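Engineer: For reference, the chains in residue letters:
There are 4 protein chains.
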Amino acid sequence: MTRRVQLISVIGGRWIDEPTYKIAYNVGSAIIEHGFGLVCGGYGGVMEAAAKGASEAKVRLGITHLPIVGILKDETGKAANQYIEVGIPTGMGVARNALVVMAGSGVIAVGGMSGTLSEISMAWQYGRPVAALVPAGGWAAKVAGEPLDTTRSDSVFAAENAEEAIKYIAEKILHGAG
Amino acid sequence: MTRRVQLISVIGGRWIDEPTYKIAYNVGSAIIEHGFGLVCGGYGGVMEAAAKGASEAKVRLGITHLPIVGILKDETGKAANQYIEVGIPTGMGVARNALVVMAGSGVIAVGGMSGTLSEISMAWQYGRPVAALVPAGGWAAKVAGEPLDTTRSDSVFAAENAEEAIKYIAEKILHGAG
Amino acid sequence: MTRRVQLISVIGGRWIDEPTYKIAYNVGSAIIEHGFGLVCGGYGGVMEAAAKGASEAKVRLGITHLPIVGILKDETGKAANQYIEVGIPTGMGVARNALVVMAGSGVIAVGGMSGTLSEISMAWQYGRPVAALVPAGGWAAKVAGEPLDTTRSDSVFAAENAEEAIKYIAEKILHGAG
Amino acid sequence: MTRRVQLISVIGGRWIDEPTYKIAYNVGSAIIEHGFGLVCGGYGGVMEAAAKGASEAKVRLGITHLPIVGILKDETGKAANQYIEVGIPTGMGVARNALVVMAGSGVIAVGGMSGTLSEISMAWQYGRPVAALVPAGGWAAKVAGEPLDTTRSDSVFAAENAEEAIKYIAEKILHGAG
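Going down the list, the protein sequences come from chains F, E, W and Y. For reference, each letter of the first sequence is one residue, going 623 to 800 in the working numbering. For reference, each letter of the second sequence is one residue, going 623 to 800 in the working numbering. For reference, each letter of the third sequence is one residue, going 623 to 800 in the working numbering. For reference, each letter of the fourth sequence is one residue, going 623 to 800 in the working numbering.
Calculated directly from the structure, the hints in this document are not laboratory data. Predicted, not measured: the structure shown is a model, and the values here were computed from it. One should not assume that every hint holds.
The list cannot tell twin chains apart, which means a pair is met if one copy fits it or any two copies do.
To be verified - List of simulated lysine-lysine pairs, DSS-like, C-alpha gap at most 27 angstroms:
{"hint": "1", "residue 1": "700", "residue 2": "644"}
{"hint": "2", "residue 1": "764", "residue 2": "700"}
{"hint": "3", "residue 1": "789", "residue 2": "764"}
{"hint": "4", "residue 1": "674", "residue 2": "794"}
{"hint": "5", "residue 1": "794", "residue 2": "700"}
{"hint": "6", "residue 1": "764", "residue 2": "644"}
{"hint": "7", "residue 1": "700", "residue 2": "789"}
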């Protein structure tokens, strides 16, 4: 018996509008509903929305063992959003983005600027399956449905909603990715 | 209300004898009993013993929300010991030791060779309170009771057993360390 | 008097065709001719071509003080291409890409797959000016002339050749960038 | 023909007295005289003294191709001491110490507090030969002449002066270490 929890990385921008917040919230919620833990960069915007969605799903479903993890920029980890349960400080600043995507068995991208683009492309390099939420726009929507290069035979999955995204990732984790 | 779990780092060697395994097991158990999560390097020896102690304490006490975290050397995280619930792969090899001690609000050292010595000295630099188990020998015992330099006014705490170590760390976390 | 050498990062794919090799070679050469040192990922393809161009320019011009630096994936640094003079091993694998772009005062992208895309987007986040060689295709050409997001007022500069790229970067370094 | 320069890491504290400054200066000088480049943490104290010694040795001997490298804590690299020629910013803070010792084919320790102790123990783990200057005291002197653990058959070399230290390291590099 393994006690290992599979984590899903949620990536996306810090400054977002209300519809994007709602989508990210739903992604966090869906991750818990499907039996995964959540990992993200730990701060505001998409990261906070997804963590909040996961947190409220845990309460609603009475789930306590699936963690909400933040991989943080500084050396103390004190500035994480209030929904982060497990803070992993790195002191690495922006370079900790590599660890955010590495920590997930799969990655879901919501909206996003250059930071999200770097995370999507690193997730691709690390062989993680990637789903992008089309309705939230940003870099995630721009690369949705496309392969990033010829080193993998799949594409970034274009998801219309959180449920589609998590189903794709769950299936990929079950049967092997990238 | 904060949902944040405080983690305690357990550090120590990979190749250990039976008495040291038992001490590390007790440290893991005591961490859970005192309401903390555990973080370690995720592999064998002290890391496995502490994670096992924490895992069995969780079952015994019916605790599910305190995670057992491994900060791992490779990019996939697949080689962690069986008691690790949340694996954080880093792809950084030995350099991930900085993250292992940074992740804890306090650090407990059991035995240990050069890797443990580097972790104790980094924990000191990051301002984390450090307790060393005297009976397990190794570098932890050698620096127990001593300050590592003059940048801090405290010392590495010399603990005779797991309970002493966790009580010291818990007290330091409550009232501020370093 | 400062003895500090300004480095320019050259990024691009490992598997490239002959025309791209020639372009990368010219970029390396132009970097030395303009009084900069070169830094890259240290292996094959664009990295080797640029390092070779820089190396032969040093010989041709009798320049000895401008270094050719490779920021390397492993812990020993032994697998660098033969033109690398200063190897900086990191043991960080793909995550060392953050350091490759951070090490340059500016970044020149030639061709490239997902790894190059991640480097371009990290260079953008670190505020480094970025020039992309249009004729070499790849991700560099796809983002040439575009801003990556709204956090900066400039764009990735679209360069038709090595000379245009280095002139743009040199000008940006002199007068402050992004 | 290889163009690769071998680097020697110099480690030691930021706050040092005059005799220690002189010893570190001599270490920097000796590194250049023996045909190596120097790498260090890039800031004050031992790092500055060694870089200054190397810099003045380069002028005195008319050597231009051996670089003086600083592996720096922040993301811009602007705060390096004035003798650093090649700055490698990391944004990793204290965790960049792993890269400082990894960058050298051998490591020379002068004085030092907890930071130096962590570097000595990481150098040991990475299999680098380590020489410690006994007269400068600090952690370097405390571990001089001792093995750090049983994973290597050698010891930290106890050197009475810079010349002894560099001769030991040069010999180890030539014939294989650790």
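Engineer: Each hint needs a verdict: does it hold in this structure or not?
Structural biologist: The hints, checked one at a time:
1. 700 with 644: within (25 angstroms within a copy, 33 angstroms between copies)
2. 764 with 700: Cα proximity of residue 764 and residue 700: none, with 33 angstroms in one copy and 32 angstroms across.
3. 789 with 764: within (21 angstroms within a copy, 31 angstroms between copies)
4. 674 with 794: within (25 angstroms within a copy, 30 angstroms between copies)
5. 794 with 700: between (34 angstroms within a copy, 17 angstroms between copies)
6. 764 with 644: within (20 angstroms within a copy, 31 angstroms between copies)
7. 700 with 789: between (33 angstroms within a copy, 23 angstroms between copies)
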